[in-house]
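Going by the working numbering, 7 is the number at position 7 of the sequence shown; the sequence numbering is gapless.
There may be inaccurate statements among the hints.
Unchecked claim - Derived lysine-lysine pairs resembling BS3-like cross-links, with alpha carbons at most 30 Å apart:
hint	residue 1	residue 2
1	K6	K40
2	K53	K73
3	K53	K22
4	K22	K73
5	K53	K40
6	K6	K22
7	K53	K82
8	K82	K40
FYI, nobody ran anything at the bench for these hints, they're computed from the structure.
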Amino acid sequence: MTFGDKLLIFFIVCLIGILFFKTYFRPAGDRIIVVSIRGKPVRVIANDEFLGKEVFTIPLERGEARIEIDGGKVRILPMPRKICPRGICSAIGWIERPGQAAICVPNRLIVEVRGEDKKKTVDSVSR
Numbered sequence: 001m002t003f004g005d006k007l008l009i010f011f012i013v014c015l016i017g018i019l020f021f022k023t024y025f026r027p028a029g030d031r032i033i034v035v036s037i038r039g040k041p042v043r044v045i046a047n048d049e050f051l052g053k054e055v056f057t058i059p060l061e062r063g064e065a066r067i068e069i070d071g072g073k074v075r076i077l078p079m080p081r082k083i084c085p086r087g088i089c090s091a092i093g094w095i096e097r098p099g100q101a102a103i104c105v106p107n108r109l110i111v112e113v114r115g116e117d118k119k120k121t122v123d124s125v126s127r
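Please put together the full structure from these sequences, using the hints given.
Listed below in C-alpha cells is the structure:
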C-alpha cells in the first residue's frame, strides 16, 4: 500500500467521522413534543416542560395510553394487548431528536418530537 493510498483512506475515515458527528450530535434547538390522535394534536409540550420527569395519560377509543417524559426523552409505555395488540409503539423506546416518532397504528396515536431550525431557508423554488 502506497503513501497515497494511506492518505486517501485517512481522509475518507475523517470525512465519515465528521458526517457522523454532524448528524447525531447536533444541538437540538427548540424542540416540542406533539401527541396527536387521528391527526389532531391533543397535547403539545414545549422544550422547557419536558426536561423533567412526568407520566401522563391520553384517553383512546379502546382504553388509555400512558406516555412518559424523562430528561428530554419521551416514550409510550406498554399497554395491555386488548388496547395495543402488538405493542410495537412501546417497543420503539425513547425518542428525543427532531423527526423521531412513536406511532400506535391501531389507536391512531402519534407521539413525535418536532424541532425548529434556526437557519430556515428555502432549498429550491420550482415553477
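Now for the hints, and whether the structure bears them out:
Restraint check: the Cα-Cα separation between K6 and K40 comes to about 55 Å, which exceeds 30 Å; the hinted pair is violated. For the given pair, K53 sits about 9 Å from K73 by alpha-carbon distance, which is consistent with the 30 Å threshold. In summary, the hint linking K53 to K22 is supported, as the alpha carbons are separated by about 28 Å, within the 30 Å threshold. For the suggested pair K22 and K73, the alpha carbons sit about 20 Å apart, so the restraint of at most 30 Å is met.
The suggested pairing of K53 with K40 holds, with an alpha-carbon distance near 25 Å, which does not exceed 30 Å. Pair hint K6 plus K22 holds up; C-alpha atoms about 24 Å apart against a cutoff of 30 Å. At most 30 Å may separate the alpha-carbon atoms for a hinted pair to count; K53 and K82 meet this at roughly 28 Å. The hinted pair formed by K82 and K40 meets the criterion: a straight-line CA distance of about 23 Å does not exceed 30 Å.
When the structure is compared with the earlier hints, a violation turns up for hint 1 alone.
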